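A.B. asks: Under the working numbering, the first residue of the sequence shown carries the number 185, and numbering increases by one thereafter.
Bear in mind the hints are in silico, worked out from the structure with no lab data behind them.
On a predicted model such as this, the values are computed, not experimentally measured, just so you know.
Derived lysine-lysine pairs resembling DSS-like cross-links, with alpha carbons at most 30 Å apart:
1) K227 with K273
2) K289 with K227
3) K451 with K369
4) K289 with K273
5) K227 with K369
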Amino acid sequence: MTTATAVPSRPTGRLTPEPSRATVLGSLEVEIDGVSIVPPAMKAKQLLALLLLNEGRVVQSGTIERELWEDPPRNAANAIQNGVLQIRKKLAAALGERGCGAAAKQLLCTEPAGYRLAVALDRSDLRRERELVAEADDLEARGDLAGASAKLQEALDLWQGSPLGDLIPGPVLYAQIVRLLEENKSILMRRIMLDLRLHRYASLVGELRALIPMDEYDESLHASLMYALHMTGRRNAALSVFRSLRQSLNDNLGLEPSRPLQELHRKVMLDSSADPVRIEDLPWHACATPAKAGAA
185 MTTATAVPSR PTGRLTPEPS RATVLGSLEV EIDGVSIVPP AMKAKQLLAL LLLNEGRVVQ
245 SGTIERELWE DPPRNAANAI QNGVLQIRKK LAAALGERGC GAAAKQLLCT EPAGYRLAVA
305 LDRSDLRRER ELVAEADDLE ARGDLAGASA KLQEALDLWQ GSPLGDLIPG PVLYAQIVRL
365 LEENKSILMR RIMLDLRLHR YASLVGELRA LIPMDEYDES LHASLMYALH MTGRRNAALS
425 VFRSLRQSLN DNLGLEPSRP LQELHRKVML DSSADPVRIE DLPWHACATP AKAGAA
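Using the sequences and the hints, build the whole thing.
C.D. replies: So, in structure tokens, the structure goes:
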């Protein structure tokens, strides 16, 4: 007589939960086995985001206080512990534990100086973005500009809105958000530079015209549009871009365009074969091109 083999029951309290994922390039989402561990309370969400962005490093209690309160209350330590408890309960539920078990406490650790999130993520949009940028670096170094551009666009496509867009950040998270936005802008400008080098002028004109109203004083965007228009034989349109920016700077900020942008304007205006406009004339070219290994 054959005895049926018993199917092992699902283990509880697993210390290596899989699959786990996190997104910060948009709304905050953190899941373990498809179960969200994001607590509903805003301050607990801020705490989770802070722990997540520190990637396994200890976040000191003083840093948490600065994030959560402009003027920390006397019971700040207890309030932080309450936020930690909320996250641990979410972790425990995702791990199949009752209440707030030992596994949850090991994944959100209490340290002498603060707290540390020890969840090893299988998927993270921020980590994937940086992997794609590294892959683009390698492809560009090997001369595959189209491949590098595609990788950078893939990194840009990970963004689903403002980073941590569903949170009301305090000063610590706000600084992190600004850093992420600057990172995103750097990736975008590198991809635009690669596309200019690939002579993708026509598609860039439309994209740049859509980007400029969102950052109306950004000279790198205006310079790129001027160059793309000039290279498609639309010199008057390129000059018009400069005039429009100059007018906005004068009227609203009392400023003039930078010297490099004025020099680009001069070259476009002269349109001389003896002194042609080159991609190296773009005022942000050096910043958008990765430094070669060993460069100072």
